[in-house]
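Chemist: Next come the chains, spelled out residue by residue.
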Amino acid sequence: MKILVAIKQVPDTESRIKVAADGCSLDPADVKWIISPYDEYALEEAIRIKEGKGAEVVALTVGGEAARDVLKNALALGADSAVLLKGDGQGDAYAVAQMIAAYAKDKGFDLFLCGNKGLGGDNAAMGPMLAELLNVAQANVVVKLELGDGTFRAEREVEGGSEVVEGALPAVITAQKGLNEPRYASLKGIMAAKKKTIEEADAAPTTAGSCVTTLALPPERAAGRRLEGEAPAQAAALLQALKDEAKVF
Amino acid sequence: MILVFCELKEGTIRKPSAEALSEGRRLADAAGLKLGAIFAGASCAGSADAAKYGADVIYCAEGASLASYSSDGFAQVLADTVQAKGATVLLAAATAVGKDVAPRAAARLGAGYASDVTGLAMVGGKLQAVRPVYAGKAFATTSFASAVQVATTRPNVFPLAEKAGAGAAEAVAAPAGGFKSVVKEILAKASGKVDLSEANIIVSGGRGMKDGANFGLLEALADAIGGVVGASRAAVDAGWGLPHSMQVGQTGKVVSPTLYIACGISGAIQHIAGMSGSKFIVAINKDPEAPIFKLADYGIVGDLFEVVPELTKSAQGMGIGSN
Chain R
1 MKILVAIKQV PDTESRIKVA ADGCSLDPAD VKWIISPYDE YALEEAIRIK EGKGAEVVAL
61 TVGGEAARDV LKNALALGAD SAVLLKGDGQ GDAYAVAQMI AAYAKDKGFD LFLCGNKGLG
121 GDNAAMGPML AELLNVAQAN VVVKLELGDG TFRAEREVEG GSEVVEGALP AVITAQKGLN
181 EPRYASLKGI MAAKKKTIEE ADAAPTTAGS CVTTLALPPE RAAGRRLEGE APAQAAALLQ
241 ALKDEAKVF
Chain X
1001 MILVFCELKE GTIRKPSAEA LSEGRRLADA AGLKLGAIFA GASCAGSADA AKYGADVIYC
1061 AEGASLASYS SDGFAQVLAD TVQAKGATVL LAAATAVGKD VAPRAAARLG AGYASDVTGL
1121 AMVGGKLQAV RPVYAGKAFA TTSFASAVQV ATTRPNVFPL AEKAGAGAAE AVAAPAGGFK
1181 SVVKEILAKA SGKVDLSEAN IIVSGGRGMK DGANFGLLEA LADAIGGVVG ASRAAVDAGW
1241 GLPHSMQVGQ TGKVVSPTLY IACGISGAIQ HIAGMSGSKF IVAINKDPEA PIFKLADYGI
1301 VGDLFEVVPE LTKSAQGMGI GSN
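Line by line, the protein sequences give chains R and X. Going by the numbering used here, the first sequence opens with residue 1, and the numbers climb by one from there. Going by the numbering used here, the second sequence opens with residue 1001, and the numbers climb by one from there.
Since the hints were derived computationally from the structure, they do not count as laboratory data. Computed from a predicted model, the values in this text were never measured in an experiment. Mixed in with the good hints there might be a few duds.
Unchecked claim - Here's a subset of chain R near chain X, in silico, CB distances under 7 Å, partners left out:
1. I17
2. A20
3. R48
4. I49
5. A124
6. E132
7. L134
8. E159
9. G161
10. E163
11. A168
12. T213
13. T214
14. L215
15. P219
16. Q240
Unchecked claim - Computed footprint of chain X on chain R, listed as stretches where at least three residues anywhere in the stretch have a Cβ under 8 Å from a Cβ of chain X:
17. 51-58
18. 88-97
19. 114-121
20. 169-183
21. 186-197
22. 204-212
Said to hold, decoys possible - Think about it this way: if two alpha-carbon atoms lie no more than 16 Å apart in a straight line, the pair counts; the simulated EDC-like pairs of lysine to aspartate or glutamate are:
23. X:K1286 - R:E228
24. X:K1180 - R:D110
25. R:K196 - R:D110
26. R:K32 - R:E56
27. X:K1210 - X:E1289
28. X:K1193 - R:E159
29. R:K2 - R:D149
30. X:K1009 - R:E159
31. X:K1009 - X:D1029
32. X:K1180 - R:E166
33. R:K144 - X:E1185
34. R:K53 - R:E14
35. X:K1294 - R:E199
36. X:K1180 - R:D149
37. X:K1313 - R:D149
38. X:K1279 - R:E220
39. R:K107 - R:E230
40. X:K1184 - R:E146
We put the beta carbon where it would ideally sit given N, CA and C, even for glycine.
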């Protein structure tokens, strides 16, 4: 079994977002970059499959030199090899899906794993687009995955519950929190990763789908007011305000 | 034409789909286009209601192959209909199904895709979308390079607008089947309560709840005012047995209810990112310096274990939950 794990480098969730001078992109100053948390579940799942039934795990990201960090981490966690596709990995999901599809087709991958969305861009689009471009099955927002002989069974989160998707491999599976508990890299893993190389390739040219023309911060919320008094008075004042001022009820 | 993929639940159009249709009508009027609704399933009974929200044509792909949801099967129906009818815009609600099928259909059409949008406009005959990024810490205006443009609309954001359309029914062919993946079984049926992403009122608890069992207090309040219960990441990760599906925040659900009541939630950036789109925010916290108060329209500095039961009692007395 051959598994491709697509990972994305994203701003840390504690980052304050500032708009760059171009008015349409993120100001990278002061941003701490991390692996998108959902991709950690994807990577962990790939490593568990490798440990369970044996598999070759290839980690891939699209980006510049700085994106090597997430690949080094993937190698330390247990990926066998890593690929840096040099291109814009932060932009249009359709373009990124085309880059990964162009790289992956004809390489004999049985399974493609990635996060259900890249934190920040929040498109939740790359996985299903990759599945379509490669003409393979998909299951998104997956919290449990079982592999059979050329088949998969996935539980995915839907409104108010979950549903079971069954299909044939190859498939694109996008991971959700709950799929597993990602491990930390061991010292042994970190040392072993130093001996592994990161393959580098230019991303294939793509057709643009969409682009961000303006990035803006949300308007500040108007100052609210404190409701004073003891608990019963506060409760009564709140319900009155929600009824009369906010007209929520 | 603007084509809107609509989902049915027990023979009725789902509310997020009706919202997408309402927005589709508005865009179609602005651009002088027709509005089509597309349904797919073993039966499309109930699809005629799309006319209430302005559909000029109602396309139905009915067939045994579509009895269970299939990502590639439904994407094929949508893409084929877009092409056959010459639609330039494809919309769906950003539901579990919509978010699964729309990007796949977009890739099939060679189209750009904007997910979970909160604003749409037609500019020079093309769709332009505004969508929250970094879980609402910023908003991105997105334009399209492709001939066809695809977007999913965030539930609870676009107002329902009833405006009668011609609603001419037209059958479209269902694929033969043999899909790559199919939904086999629904594991946990919805409890009857709406999902957080569609809820109008959310009562949420954080680390200040001290224990998972105390969430019963929030359930009681939610029941009294017609809401559902959510939780912060701190609460979900605390090992209190709360499921991740309850989590509101950047790594959980991003919500936009009319009312969000934050109980014992300090207001970490990652939580605020998930709920700052709420219309009204109430914060109940014993720490007057908690960052959540900066966002709150109404702040109560106090012990949630006293305030929340008082709220429940008073709300029951006022009969709020009954409307």
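Chemist: Are the hints correct? Go through all of them and say.
Modeler: Evaluation of the provided hints:
Interface restraint check: I17 of chain R against chain X, minimum CB-CB distance 4 Å, threshold 7 Å, status holds. The beta carbon of A20 of chain R comes no nearer than 11 Å to any beta carbon in chain X, farther than 7 Å, and the hint placing it at the interface is violated. Interface hint at R48 of chain R: violated, since its Cβ lies 19 Å from the closest Cβ of chain X, which is beyond the 7 Å cut-off. The interface hint given for I49 of chain R is broken, as the beta carbon of that residue sits about 18 Å from the closest beta carbon of chain X, more than 7 Å.
Of the supplied interface hints, the one on A124 of chain R holds, with its beta-carbon coming within about 5 Å of a beta-carbon of chain X, less than 7 Å. This hint holds: E132 of chain R has a C-beta 4 Å from the nearest C-beta of chain X, less than the 7 Å allowed. Look at L134 of chain R: its Cβ only gets to about 10 Å from chain X, farther than 7 Å, so that hint breaks. Proximity of E159 of chain R to chain X holds as hinted, the smallest CB-CB distance being about 4 Å (cut-off 7 Å).
About 3 Å separates the beta-carbon of G161 of chain R from the nearest beta-carbon of chain X, less than 7 Å, and the hint is met. For the restraint placing E163 of chain R at the interface with chain X, the shortest Cβ-Cβ distance is roughly 5 Å, inside the 7 Å limit, so the hint holds. Contact between A168 of chain R and chain X, as hinted, is supported at the beta carbon level, the nearest pair being about 6 Å apart and thus within 7 Å. Given the 7 Å rule on beta carbons, the hint for T213 of chain R holds: about 5 Å separates it from the nearest Cβ of chain X.
Checking T214 of chain R against chain X by beta carbon gives a least distance of about 4 Å; that is within 7 Å, so the hint holds. Interface restraint check: L215 of chain R against chain X, minimum CB-CB distance 5 Å, threshold 7 Å, status holds. Restraint check, P219 of chain R versus chain X: the minimum CB separation of about 9 Å is more than 7 Å; hint violated. The restraint placing Q240 of chain R at the interface with chain X is violated, with a minimum CB-CB distance near 9 Å, outside the 7 Å limit.
For the stretch 51-58 of chain R, the stated coverage by chain X is not satisfied: 0 residues place a CB nearer than 8 Å to a CB of that chain, which falls below the threshold of 3. Check result for the stretch 88-97 of chain R against chain X: holds, 4 residues qualifying (beta carbon to beta carbon below 8 Å, three or more required). Beta-carbon proximity to chain X at under 8 Å applies to 3 residues in the stretch 114-121 of chain R; the threshold of 3 is reached and the given coverage holds. For the stretch 169-183 of chain R, the proposed coverage by chain X is satisfied: 4 residues have a C-beta within less than 8 Å of a C-beta in that chain, meeting the threshold of three.
With 0 residues having a Cβ less than 8 Å from any Cβ of chain X, the stretch 186-197 of chain R misses the three-residue criterion, and the hint is violated. Counting residues of the stretch 204-212 of chain R whose C-beta sits closer than 8 Å to any C-beta of chain X gives 6, which meets the bar of three, so the coverage hint holds. Annotation: proposed proximity of K1286 of chain X to E228 of chain R holds, straight-line Cα distance about 13 Å (limit 16 Å). With a C-alpha separation of about 14 Å, the suggested pair K1180 of chain X and D110 of chain R falls inside the 16 Å cut-off, and the hint holds.
Among the hinted pairs, K196 of chain R with D110 of chain R is inconsistent with the structure: their alpha-carbon atoms are about 23 Å apart, more than 16 Å. For the hint pairing K32 of chain R with E56 of chain R, the CA-to-CA distance comes to about 30 Å; that exceeds 16 Å, so the pair is violated. This hinted pair does not check out: K1210 of chain X and E1289 of chain X have alpha carbons roughly 19 Å apart, beyond 16 Å. Straight-line distance between C-alpha atoms of K1193 of chain X and E159 of chain R comes to about 10 Å, which keeps the hinted pair within the 16 Å bound.
A hinted pair counts as satisfied when its Cα atoms are at most 16 Å apart, and K2 of chain R with D149 of chain R qualifies at roughly 14 Å. For a cut-off of 16 Å, the pair hint linking K1009 of chain X to E159 of chain R stands: about 12 Å separates their Cα positions. For a cut-off of 16 Å, the pair hint linking K1009 of chain X to D1029 of chain X is broken: about 28 Å separates their Cα positions. Of the pairs offered as hints, the one joining K1180 of chain X and E166 of chain R holds, with about 8 Å between alpha carbons and a cut-off of 16 Å not exceeded.
About 14 Å separates the Cα atoms of K144 of chain R and E1185 of chain X, which keeps this hinted pair within 16 Å; it holds. Taking the CA atoms of K53 of chain R and E14 of chain R, the gap is near 37 Å; set against the 16 Å cutoff, the hint is violated. Our distance criterion of 16 Å between C-alpha atoms is broken by K1294 of chain X and E199 of chain R, whose separation comes to about 48 Å. Among the hinted pairs, K1180 of chain X with D149 of chain R is consistent with the structure: their alpha-carbon atoms are about 15 Å apart, no more than 16 Å.
The straight-line distance between the Cα atoms of K1313 of chain X and D149 of chain R is roughly 57 Å, outside the 16 Å bound, and the hint therefore fails. A distance of roughly 13 Å separates the Cα atoms of K1279 of chain X and E220 of chain R; the hinted pair therefore holds under the 16 Å criterion. Between the alpha carbons of K107 of chain R and E230 of chain R the distance comes to roughly 68 Å, so the proposed pair goes past 16 Å and is violated. The suggested pairing of K1184 of chain X with E146 of chain R holds, with an alpha-carbon distance near 14 Å, which does not exceed 16 Å.
This entry does not satisfy hints 2, 3, 4, 7, 15, 16, 17, 21, 25, 26, 27, 31, 34, 35, 37, 39, going by the numbered hints stated previously.
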